[in-house]
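With the hints as constraints, model all of the structure from the sequences given.
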Amino acid sequence: MTLFIDIKGLEQVMHEVRKRINADKIAPYAKDGAELAREWVYDEIDRPKTGRKWAGLPNRSSAPGDTPAHQFGDLRRGLQVRKRTSVKGGTYAFRSTAAHAHDLEYGHFKAAPRPYMRRSVDANYKAILDAMTGEFV
Amino acid sequence: MTIDAYVGTLLSSILSIPVFLVKAQPNAAVPFCVFRQISGTAVAGTEFVGAVRLQRYRYQIDIWDSSAEHLSSLSDTLRDALNRHAGSGTGLVVIDTNTDLSFQTQDDDLNLYRFAIDYTFTVEHS
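Chains as they are written, first to last, in our numbering: chain A, 1 to 137; chain B, 1 to 126.
Just so you know, these hints were derived from the structure itself, not from any lab.
One or more hints might be untrue.
[What the hints assert, rightly or not] Stretch-level coverage of chain A by chain B, calculated; a stretch enters the list once three of its residues show a Cβ under 8 Å from a Cβ in chain B:
1. 101-115
2. 122-129
[What the hints assert, rightly or not] Pairs of lysine-lysine residues, derived as DSS-like cross-links and limited to a Cα-Cα distance of at most 30 Å, are as follows:
3. B:23 <-> A:49
4. A:83 <-> A:126
5. B:23 <-> A:53
Where is the CB? At the ideal position from N, CA and C, for every residue including glycine.
Pasting the structure below:
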């Protein structure tokens with residue numbers, strides 16, 4: 001079963017919204033949001049951890065479920081905020097490019113996840129939304 | 001009842017396989033399920049809801065199995081039961097669930113298959 005809902009005048013409203021929202025105006029806020037998420041991860045990586053202290057690693061590791069610990073800096077260096085050129089408009093991506101980024105975020109059979117990307121976005125969701133709506137509402 | 005307890009009980013009833021919180025027991029036999037809370041944030045103020053005690057919890061749910069076919073069947077069962085789930089436990093009401101990510105991987109060394117999915121539970125605490 002398909003239910004169609006037709007709202008009279010919606011097309012004109014959407015046309016007006018598209019006219020008013022300028023991608024160049026949105027982009028700085030999208031970038032701020034992505035950088036906010038990255039800063040949160042930086043702070044979390046730098047926070048002392050409570051896991052095991054492995055020989056050969058400079059710092060104590062994180063406990064399962066905690067955010068990753070700072071060790072050699074690969075994870076930190078791999079955190080990038082980049083404008084997405086494949087998407088029209090003011091879209092920025094916050095990504096993690098370290099070789100072990102995925103294994104840390106999602107874990108594997110022998111190691112529990114140390115989530116940091118999803119946790120960062122969830123923790124900063126309201127701040128990102130506030131920045132965007134503050135400008136356009 | 002904690003949300004962890006609620007989710008654990010729910011997953012056990014849906015999947016009928018051993019379910020572990022955070023980490024599987026050593027030498028646990030497949031298939032088994034491991035779930036862990038990724039984040040928990042207040043909803044009020046971020047969306048058009050009036051209640052102030054709403055929380056949104058993101059869970060990562062992993063199912064491990066030695067058979068890709070059986071794993072696929074388990075993941076379908078999970079999705080069917082958990083999409084738009086609503087229910088209640090002592091002191092909490094699950095208003096809705098959403099999923100926003102899933103993937104399947106294979107560990108050739110261990111001959112194991114893994115299905116991972118994120119579910120977000122929107123919960124009202126009393």
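Structure-based check of each hint:
no.	hint	in the structure
1	101-115	holds (count 7)
2	122-129	holds (count 5)
3	B:23 <-> A:49	18 Å, holds
4	A:83 <-> A:126	21 Å, holds
5	B:23 <-> A:53	19 Å, holds
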